[in-house]
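As a plain string of letters, each chain reads:
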Amino acid sequence: MLGNLIQQTVNALTIGSIYALIALGYTMVYGVLRMINFAHGEMFMLGAYVAFLILSMLVGDVGMAGAIALTVAFVVAVFLVGLIGVGIERVAYKPLRNSTRLAPMLSSLGVSLSLVTGMQILAGPQPVAFPSFFPVVRYEVLGGTITSMQIGILVAAFVLMFGLHFLVNRSRIGIIVRAVSESRPTAQLLGINVNGAISMVFFVGPLLGAAGGILYASYYGIMSPTMGAVIGLKAFTAAILGGIGSIPGAMLGAFILAFVEVGGTALLPVITHGVLGTEYRDVLTFAILILVLLVRPAGILGEAVSEESIVYKREF
Amino acid sequence: MRKFIATLLLGASLFAGPAMAEQITIGLSAPLSGPQAYFGTTWHNGFKLYVDKLNADGGVNGVTVAYDQQDDKADPREGTLVAQKFCDNDKVVLGLVNFNSGVAQSTLPIYEDCSLPTMTFGSNPSLTKQGYKLMVRPVANDLAGALLPAEYALGKLGAKTALVVNDKQVFGQGISEIFAKNFQDGGGKVIDTISVAPSDVDFAAVLAQIKPKKPDVIYLGAVMPQLALFAKQMHEQGITATLIVPDGGYTPDLIKQAGEPNVQGTLVAIQVPPMDASPEIAEFAKLYKAKYGEDAGPYSIYGYVQGQILEQVLKTTKGLTREDINTALHAVKVKTAVGELEFDETGELKVAPSYLYKVEGSKFQLVGSK
Amino acid sequence: MTLVFNKLRKEYGQVVAIDDVTASFAPGLIHGVIGPNGAGKSTLINMTAGSYTVSAGSIMLDGKRLDKLKKYQIANSGVARTYQNIRLFDQMTALENLEVCFYPSDVGGTWKEVVWPPYASARRDRRREKCMEILRLFDLQGHADAEAGSLPYGRQRMLEIARALVCNPRLLLLDEPAAGLNHHETADLTAKLAAQRSPDRITIIVEHDMDLVMALCDNIIVMHHGKLLFQGTPAEVQASTDVQLAYLGTANDIDDIRAAAQDRRAQLGIRTRRRS
Amino acid sequence: MSVAESLAAVRPRSSRAVAFLVFAVAIALIAATPFLPNYYIRVIDSLLIYILLGIGLNIVIGYTGLLDLGFVAFYAVGAYSYALLASPQLDLHLPFLLILVVAACLGAITGILLGIPVLRLRGDYLAIVTLGFGEIVRIIINNVDWLTGGPKGIARLDKASILGIQIARPVDFFWLLLVVVLLAGLVAWRLERSILGKAWAAIREDQDAARGIGINTTNAKLAAFATSATIGSIAGAIFAASQRFVSPESFTLQESVLIVLMIVIGGIGNILGIVAGAAILILLPEVLREFAEWRILFLGLLMIFLIIVRPAGIVPRSFGPDKLIRRLFGK
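Protein chains in written order, with the numbering used here: chain A, 1 to 316; chain B, 1 to 370; chain C, 1 to 276; chain D, 1 to 331.
If you're looking for bench data, these hints aren't it; they were derived computationally from the structure. Just so you know, not all the hints are guaranteed correct.
[As the list claims (entries may be wrong)] Mimicking DSS-like on lysine-lysine, the simulated pairs with C-alpha atoms at most 30 Å apart in a straight line are:
(1) Lys130/C x Lys159/D
(2) Lys159/D x Lys91/B
(3) Lys133/B x Lys323/D
(4) Lys159/D x Lys129/B
(5) Lys335/B x Lys358/B
(6) Lys133/B x Lys358/B
(7) Lys112/C x Lys323/D
(8) Lys335/B x Lys286/B
[Claimed, not checked] Residues from chain B that keep clear of chain A, each with C-beta distances beyond 10 Å, as calculated:
(9) Ala37
(10) Val63
(11) Pro109
(12) Asp113
(13) Leu154
(14) Gly186
(15) Gln264
Just so it is clear, the structure is predicted and the values come from calculations on it, not from any experiment. C-beta atoms are modelled at their ideal positions from N, C-alpha and C, and glycine is treated no differently.
If we strip away everything but chain A, and leave its shape as in the complex, we get:
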């Protein structure tokens, strides 16, 4: 029983940290532009594919040693995807910045569709095997099985999240980004380079998403052009659950979501005496999301706003 508990906790932490990396991208973009970036899941997918491409070039053509090649591929891929993110913002979202709120959201849907089908055409629609970034060693801890891969993912995710935390709260760039997300007009009046800050967000968000994608692909051993869709939706759910726009909220939401999913799988059949099986796990997830939002309409750590303190004009 204890073994099972430890096992499930580790499982939840691993999934949760991948969700968190992606949820952060949603929440940062939302914080600055009040926009849901539906193409964010595709950054996750791109991360895996770009890393795979670089890796096969490094190992195949250059003949670089495994561990170094992996590190190089990881770093180069996340930076490349970050740049792609900035480029997409310039082309597809920037022209819509003063438009309705729905317009950039739908533009991002178009970007998402194009990236997925583009990748299907380029790399084929089939899932492709992805090499492991960490050697798989199993450790038995009090009856539970933990793999070195899970540990590696946890460490990598936490390093990245602390890096982001530092960037947002301690660095100059972070202050600028926070100022812009607080109030874009005011930041503009203060002479802040708003475009620069937005580009920064569209660099860091996809970068983290791509990192999540690489970790995910190497954890599960496969990648596919559509891999971003489901996990993107889950990360988005996590961001909303935690209170979209809030960075700690995104992380909290991601781990809560992961624990609900794992807990649902493990406990639903037990609690309901087999009436509801694990197939109802997503129902449970969404039901909990709805309940949380009923109590806290702006998510767990979202800014609670009273009616008059915020001028809500039309959403779109």
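Model the placement of chains B, C and D on the given structure of chain A, informed by the hints.
Below, chains B, C and D alone, put in the same frame as chain A:
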């Protein structure tokens, strides 16, 4: 818009014009885009390979064969549009249709309404039980597909207990229910049935539930890439039960994506004989690779076999109308690459070959056939 | 026949925004509420209109408790208001902005409007006639079909007041109606508001523009740090040393600057987000 | 943005010509449809179903300004109403018209059930909760096998008939759908112009100010959800009758998103826009059928292009049916 009008006019002219007597068209419908595109494309390629050869030899009794290949996206709505397109085209006298039983469910009534005979590929047993007069299924249904593995598990592996996992999709759920029934009928015990979501990639939580139950075999009714993911995670979590999977796993991707050490001993049941089973199949594999630049897909050989059935139909048919073709199709008896085939009155194969493979190293080793 | 605040109190956590205010407002008069920024003037309006909850005490209109009602119910009891930052329905025409105020009385006939076109057009004509009348009073008849959001700032202010007046409210709450208006516009507004005096209506104006307040109001209450500091006629207020002290002595500089910035942004039409 | 400006500048004189053109093309299409091959009629049927769905969803999104990503749930409710009441599944074989009424009522009830929890939520929170609702409905349908057949779906649905006239061929459904779409469009358009429609617009523009003028936003929003769901559910029932097979895979999140896209690309809040949006998103992939995956890529890029060039949609909100009629018959 201009293109649309052009297509419109073209469609109208086809509709009105007289059909050419010496060429028939076969409608091909399967997923050609999206995650299942690989199966649809490679299946059709096998057929095209045979038909091209047939045409190169001057056709059958002077009749040449053209094909109209359409994407149904594995979506019932798209499937019905394609079905209607074939129905409207008088030159189409036979359909090689729908890889997915779910799509076939919605298209078969349309084909029935316009008297277009089909060779349906969907393997759900219920398709032939609805009284359709114009369909045959040139491939073993899931009843046969799940019998062999159950017998093997009970007999050769000496398994007493099985745990069944399905992905809550038509195919996965259907075939795993049939496996469970066969396993129980043979004296085994199914200790639990678990459903997972079709989009799941992480089975760690499910596996942690399975582990203490210690089943002898686990039957996983799902498709790729879930099969590979499950096998990999199962091994990583230290579960030693024998994994049995249905036909979707008969692809080198299973071994590649799961990682070679993680799938050793996994059993795969499929209606396809090994590529070196006979000189004819080996020859086909070579031809396929030469023509399409890649290895034949899991169902390519069935496309080829359907070409062989078509040839026999054309040899025996009285005329080239849909009705004539249908009569000939139901009466066909032909030696094909997978053995001699004929259909019963519901359109089901009288003898449906099925095979069981075991993963050894990076190869699928035949361990049983029926 | 009056509006009564009875020991009205509003707290935000530790901060007391309104501190036991008791006051009554008689119909037929225009009441001004003045005071430095942060004195709680707008809070009074927001509580009366139901936008803020009441921490303690009560608000009575004609013997009916308002503070337990929902916001739309308060509006339906004959309370209409304008906002510090103009809140029009931007993509609706000026006429529609007024027309929609007939929702509470006309909504019951919606299905009849849908299935029976003559009924619908009769209803609509009746509504439009009343709305055009009000628009004319505010010189907006020429802009009836213009989108509200596209009107110049001054016109938007007028339109918002027209919207508040269209259903002939018992209680009219104007939250800084002259904010952002230039001198001419303010004078124009003063004249129009004066023309809207009605013996059945209680009008309360929160305003910084002293010219407007002094010219228009019959009765003024002065708020300071959430407390009612003084109540009297314009002349009495001008003579009061307490009031002078409150304005000159303790006015919080930061608040004034913030208010100026707020007004400036409102003028520019920038949507502002403020933390609660 | 010069392209956008030039596109947006619809000159009054030419717009009368445009109106006549639109009208003439519509009439010509309707008149020509029954003579087309069945495939084209089926495509047009499919288009009409999506227009119907668009009209329904537009009430919530376009009129009331609530981003509903779970609309497909109502579509599913309607489809399964028909599937369960007119098939061997429960061995009930009720008449089509009766089922339409039942589906409409069930749709309205589900609409209100969804409406209640989301009333307090705004914007993106509303979007995710409605999305979750749609998924919940789909997952439940996929899992209550004893009732809905689970993933297998329900096959062999009865052929529909109205007052003894069988509705089975694509052309029958064309006429049925045409009538239903025109009716739904008319109702939606008249609702928009009614006092309730004005209240919806007020809620869309500024919900708090709408409360401030005495609008009971709860009731108005529930009315929007219920009407929208009713139309969606009717569309579902007709879809099931025409397909004669239902399975959960027809009711995925992608369908909801497709309908939202249709509305926004066409011109949000405008029935004419929905027709334009549906034409692009439903017909284009059909026309480009032979290009397989490239057509989807093209569609994605076209979407970005259209939204950037015309963020408010192809047909402006102001060019609604009233304007079309005025241009046609007015002075």
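Checked hints:
1. Lys130/C x Lys159/D: violated (54 Å)
2. Lys159/D x Lys91/B: Holds: Lys159/D and Lys91/B sit about 28 Å apart, inside 30 Å.
3. Lys133/B x Lys323/D: violated (54 Å)
4. Lys159/D x Lys129/B: holds (19 Å)
5. Lys335/B x Lys358/B: holds (27 Å)
6. Lys133/B x Lys358/B: Between Lys133/B and Lys358/B the Cα gap is close to 38 Å, so the pair fails against 30 Å, i.e. violated.
7. Lys112/C x Lys323/D: With Cα atoms ~23 Å apart, Lys112/C and Lys323/D stay inside 30 Å; holds.
8. Lys335/B x Lys286/B: holds (20 Å)
9. Ala37: For Ala37/B, whose nearest Cβ neighbour in chain A is about 5 Å away, the distance does not exceed 10 Å, so it is violated.
10. Val63: Holds, since 35 Å exceeds 10 Å.
11. Pro109: holds (29 Å)
12. Asp113: Answer for Asp113/B: holds, closest chain A Cβ roughly 32 Å.
13. Leu154: Per Cβ check, Leu154/B is outside 10 Å of chain A; nearest 26 Å; holds.
14. Gly186: The assertion about Gly186/B holds, with a minimum of 25 Å to chain A.
15. Gln264: holds (15 Å)
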